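Enquirer: The listed protein sequences derive, respectively, from chains A and B. Residues 146 to 638 (our numbering) are what the first sequence spells out, left to right. Residues 11 to 519 (our numbering) are what the second sequence spells out, left to right.
Do not take every clue at face value.
Stated by the list, open to error - Not the full set, but computed from the structure, chain B residues with beta-carbon under 10 Å of chain A:
no., residue
1, Lys418
2, Ala435
3, Phe449
4, Glu453
As the list claims (entries may be wrong) - Covered stretches of chain B (chain A as the covering partner; in silico rule of three or more C-beta atoms under 8 Å from a C-beta of chain A):
no., region
5, 403 to 416
6, 501 to 513
Hint data in this document are derived by calculation from the structure and do not stem from the laboratory. Predicted, not measured: the structure shown is a model, and the values here were computed from it. A virtual CB, placed ideally from N, CA and C, is assigned to each residue, including glycine.
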Amino acid sequence: MIEESYLPLLAWMVSLLAVPAILLMRRSPNVREGTTFVAAFVKFALVLAMLPAVMAGGVLRFSFGEILPGIPLEFRVDGLGMLFALVASSLWILTTLYSVGYMRGLKEHDQTRFFACFAVSISATIGVAFAGNLFTLYLFYEMLSLSTYPLVTHHGDKEARSGGRTYLSHLLGTSVAFVLPAMIYCWVKSGGDMSFTDGGFLAGKIGPGDGLIVLLAFTLGFAKSGLMPFHSWLPNAMVAPTPVSALLHAVAVVKVGVFCILRVFTGVFGIDTLKDLDITTAVTYIAGFTVITSSLIALTQDNLKRRLAFSTIGQLAYIILGVSLLSAHGITGSAMHIAMHAFGKITLFFCAGAIFMATGKKYVSQMVGIGRQMPVTMTAFLLGSLSIIGLPPFGGAWSKWYLFLGALDAGQLMIAAILIISSLLNIAYLLPVAVNALFRQPPGGSDDIAAVGIREAPAACVIPLSITAVAGFILFLFPDLVFDLAQLLISNG
Amino acid sequence: MTEHYPVVILMAPLFGALLATLLGRGRQVACWWTALIALGISALFAVGNICAVLASGEGELRYRMGGWHESSGYEVGIELRVDMLAALVVAAVTLVGFVNTIFAKTRVTGEMREKVSFYYALNQLLIVGLCGIVMTNDAFNLYVLIEITSLTSYALIAMGNRRAALSSFNYIIMGTIGASFYLLGVGYLYIKTGTLNIDDIRGVLQSGNLWGHASITIAFILIMLGVWIKMALFPLHGWLPNAYCYAPSAVSSFMAPLMTKVMVYVMLRVMLWLFGSEYVYSSGHVWGELIIWMSIIAIVAGSFLALARTDIKKMLTYLIVAEVGYMVGGAWLVNGAGLAGSMYHIFSDAAMTFCLFLAASIVILRTGDHRLTAFNGLFRRMPLTMIGFTVGALSMIGLPPTCGFFSKWYLISGGIEAGHWAYVAALLFSSLVNAVIFFRIFERAYFGNLKGVADEQFPDDRDSAPPLTLERVPCSMLIPLFLAVMAVLLVGIYNNTLVSWLKAAMPPL
Numbered sequence: 146m147i148e149e150s151y152l153p154l155l156a157w158m159v160s161l162l163a164v165p166a167i168l169l170m171r172r173s174p175n176v177r178e179g180t181t182f183v184a185a186f187v188k189f190a191l192v193l194a195m196l197p198a199v200m201a202g203g204v205l206r207f208s209f210g211e212i213l214p215g216i217p218l219e220f221r222v223d224g225l226g227m228l229f230a231l232v233a234s235s236l237w238i239l240t241t242l243y244s245v246g247y248m249r250g251l252k253e254h255d256q257t258r259f260f261a262c263f264a265v266s267i268s269a270t271i272g273v274a275f276a277g278n279l280f281t282l283y284l285f286y287e288m289l290s291l292s293t294y295p296l297v298t299h300h301g302d303k304e305a306r307s308g309g310r311t312y313l314s315h316l317l318g319t320s321v322a323f324v325l326p327a328m329i330y331c332w333v334k335s336g337g338d339m340s341f342t343d344g345g346f347l348a349g350k351i352g353p354g355d356g357l358i359v360l361l362a363f364t365l366g367f368a369k370s371g372l373m374p375f376h377s378w379l380p381n382a383m384v385a386p387t388p389v390s391a392l393l394h395a396v397a398v399v400k401v402g403v404f405c406i407l408r409v410f411t412g413v414f415g416i417d418t419l420k421d422l423d424i425t426t427a428v429t430y431i432a433g434f435t436v437i438t439s440s441l442i443a444l445t446q447d448n449l450k451r452r453l454a455f456s457t458i459g460q461l462a463y464i465i466l467g468v469s470l471l472s473a474h475g476i477t478g479s480a481m482h483i484a485m486h487a488f489g490k491i492t493l494f495f496c497a498g499a500i501f502m503a504t505g506k507k508y509v510s511q512m513v514g515i516g517r518q519m520p521v522t523m524t525a526f527l528l529g530s531l532s533i534i535g536l537p538p539f540g541g542a543w544s545k546w547y548l549f550l551g552a553l554d555a556g557q558l559m560i561a562a563i564l565i566i567s568s569l570l571n572i573a574y575l576l577p578v579a580v581n582a583l584f585r586q587p588p589g590g591s592d593d594i595a596a597v598g599i600r601e602a603p604a605a606c607v608i609p610l611s612i613t614a615v616a617g618f619i620l621f622l623f624p625d626l627v628f629d630l631a632q633l634l635i636s637n638g
Numbered sequence: 011m012t013e014h015y016p017v018v019i020l021m022a023p024l025f026g027a028l029l030a031t032l033l034g035r036g037r038q039v040a041c042w043w044t045a046l047i048a049l050g051i052s053a054l055f056a057v058g059n060i061c062a063v064l065a066s067g068e069g070e071l072r073y074r075m076g077g078w079h080e081s082s083g084y085e086v087g088i089e090l091r092v093d094m095l096a097a098l099v100v101a102a103v104t105l106v107g108f109v110n111t112i113f114a115k116t117r118v119t120g121e122m123r124e125k126v127s128f129y130y131a132l133n134q135l136l137i138v139g140l141c142g143i144v145m146t147n148d149a150f151n152l153y154v155l156i157e158i159t160s161l162t163s164y165a166l167i168a169m170g171n172r173r174a175a176l177s178s179f180n181y182i183i184m185g186t187i188g189a190s191f192y193l194l195g196v197g198y199l200y201i202k203t204g205t206l207n208i209d210d211i212r213g214v215l216q217s218g219n220l221w222g223h224a225s226i227t228i229a230f231i232l233i234m235l236g237v238w239i240k241m242a243l244f245p246l247h248g249w250l251p252n253a254y255c256y257a258p259s260a261v262s263s264f265m266a267p268l269m270t271k272v273m274v275y276v277m278l279r280v281m282l283w284l285f286g287s288e289y290v291y292s293s294g295h296v297w298g299e300l301i302i303w304m305s306i307i308a309i310v311a312g313s314f315l316a317l318a319r320t321d322i323k324k325m326l327t328y329l330i331v332a333e334v335g336y337m338v339g340g341a342w343l344v345n346g347a348g349l350a351g352s353m354y355h356i357f358s359d360a361a362m363t364f365c366l367f368l369a370a371s372i373v374i375l376r377t378g379d380h381r382l383t384a385f386n387g388l389f390r391r392m393p394l395t396m397i398g399f400t401v402g403a404l405s406m407i408g409l410p411p412t413c414g415f416f417s418k419w420y421l422i423s424g425g426i427e428a429g430h431w432a433y434v435a436a437l438l439f440s441s442l443v444n445a446v447i448f449f450r451i452f453e454r455a456y457f458g459n460l461k462g463v464a465d466e467q468f469p470d471d472r473d474s475a476p477p478l479t480l481e482r483v484p485c486s487m488l489i490p491l492f493l494a495v496m497a498v499l500l501v502g503i504y505n506n507t508l509v510s511w512l513k514a515a516m517p518p519l
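Bound-form chain A, shown alone (with noise of 0.2 Å):
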């Protein structure tokens, strides 16, 4: 059943369009962060406004015209890509706050620039999100990439710079080495079509050795799901202003990775004909592989925020590998992650942000004892935390459940002895922080906690931070629409 509608269109360019009202309001910030908001609920609402026919199993459709022969740059939105849309959207809107408190209390140095760029990479992201070929897909992957390497290197200092290098060149070098390639090699087998179909495009048409090298070539060059060896640009990310770690780099960015890995399992191949070929095995290992090392690295880490980036490479990993297993339920658990896990880990980026808002404190080591001055944001940080390693009643529960069913239906004990390792670990590396935060004496004694009182961040800040916590919270109760959405993945495959 698919539709043509100018909404995919519309949620697309809203933020497009704010782009030239940021840049010519920098003279007064008041009303330049207010377009962003206006541009925020209007994508949000555009796209909530998606819904009812999405959930009704029905496809929207744009299409901008034909630009490579049989190949038209178009959009079609279906449950997967509404999941996304939803939970990027969503977000934006609370980072747009956030990003105001954090940009204004540390006085940032251009300030239009970010949050310019910021509009550009949420339309790149949603344009992923509902693109309805490959090629489509690859446009605005590459557009992504492009956008937010200003947000990278925005503090412009020998770290920025470095950071911003090792991110464009494994962002840009992996998808111009493997995935362009491979893209066209599907273009020539599959006779000039490459729409995401419900059977995959490249059905009974690939062999299982070149089959192989395809699936392999997108799986790796679409390095922004920070899969091993290709990881390292993110950890060198965070130098990034930290709203930007937030949305981006822990949301936006790194799910439009796994996003178009999904979409290559179940739009390019087929899940199906991926059984048929027995070829997935060698990704299963390398998810497997990163889910449990990046967690030992993250053990490693004193800077939050690099022990917060390699443990969303770990959680990423949870989903490439969920898809690997080719079951319903383990694609379910994939699907639903996305929205699950962005949920927490914005939560704790956020927390980051504010703790360094508050005390300058970059450091594990140095945040001993801080909860007493930061009562909220702590608190959330636990929240956050528990929704990460999956824990009931937090929404990170279902999906990691799902995930676990799925190893359990596709007979793979390793890789569910992978999965509750990995929640152990997660354990270990996430909870001390906030435990040690909450209930510890901080090393100067009690008397210094109480000459400062308590001295949060600022309202701006702590407000979307609590909001998603809770919303954490509210995914585990009432998880039926990101499930349903996960579902329709599986109905129509």
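Since chain A is already given, all that's left is putting chain B on it; use the hints.
Expert: Here is chain B on its own, set in the frame of chain A:
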């Protein structure tokens, strides 16, 4: 009237050149207007020409110069033949010539002083030569026109700075060798076939079944060598970097996008129309595989050499060497996608090279520095120029929706169809090297001075500082740059139409 379009395209700049010479020194503005109007007419008719070809049933226009009619089955006089490919290349040449003349206005007065009128005259003659090369259907006439473009370009290059004279001399030697090779080859063909008309030569080769003769093989090899020297295929590229680098900027921004591309067109014309694809691609010859490997070496070597340069223009010229490899390789993959990619890249490379050379000229003019250090901090100081440069650079790297992406798309799909993985790898390698080259520049332009940054203290908020000081670049330079940017994007977005037209012009493989 439409049948006379091809001649008008040639005549307008020819008379414009005469007029510019007659006007002579001291009337710079009048010379500029002459050139602008002549090339404007030419460009207008070139666009009309495309429509005429589209409208014609056979997909080609033929025009007998001087009204000479064929006798006993052979063409006696010079014939012009314009198919879709030729019409598009002519349009590209005249449009770039027109836009570059706008660009040249302020630049030329500074660089050439009393030679301005000669510049306009020679530049128009060069365009006459290039358009003639593209449209003529006579193998010997093609040689004459190649010589016309060569002679004018020697003179134009020599107008540059002190090192230009030597590089121009170097170019004369190499260019003359190339042209002589070509002429020798045509001589062999004339002896064997008794005609100089390109279609007739192919007809005689076919009907007389002369393909097996050693002299035809020698003719083919000689002509190819000549053409490769003129198009600077590695390792025959030695003359190009210095010639384009030390030439006046208004000259290099015209020659860099077009000269090599027109020679690629000549190569395709010789391969597909003079000898015919049955002969050139027949499995009896070893050269197909060999030439693809030569193109791979050209791509890799060109990229490496470009990476090692610190001079802006010289770096860009080595990129041209790599791009020539793209087109030569694509033409020898023996499939529709590769050939279409090769033809499409003529336009796409012309657009992006034009864009980059214009931007680079502006940067060199404003900063007075011809090395990469000129770019330090330019995103803030010259945002408009840098936007133009960025679009050109992204196209070189091959990111959608710029035209560079689509030419890579067709060429790579041709490589995959032919199963030639080394060629595919070379294209990807060159993309990656281009990414390194250009992001190195972006980094400078974005962060400013590499050494100074560590100590630089940022003011609290630069947004409240006075708005970006608009670069003091005259509109006559910025408008051409933005027209080039439009070309990069439009050639990219309308690649589908362009390629379908080109495929219609292709003889069956």
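Enquirer: Please verify that hint: Ala435/B, Cβ, nearest Cβ of chain A, below 10 Å or not.
Expert: Hint on Ala435/B: holds, closest Cβ of chain A at ~8 Å, below 10 Å.
Enquirer: Are there three or more residues in the region 403 to 416 of chain B whose C-beta lies closer than 8 Å to some C-beta of chain A?
Expert: With 7 residues closer than 8 Å to chain A, the region 403 to 416 of chain B meets the three-residue bar; holds.
Enquirer: With chain A as the partner, please determine if Glu453/B meets the hint condition of a C-beta pair closer than 10 Å.
Expert: holds (7 Å)
Enquirer: Would you check chain A against the region 501 to 513 of chain B, counting CB to CB pairs closer than 8 Å, and say if three or more residues qualify?
Expert: holds (count 5)
Enquirer: If you take the shortest Cβ to Cβ gap from Phe449/B to chain A, is it below 10 Å?
Expert: holds (6 Å)
Enquirer: How about Lys418/B: closest beta carbon in chain A under 10 Å, or not?
Expert: holds (7 Å)
Of the numbered hints listed earlier, not one is contradicted by the structure.
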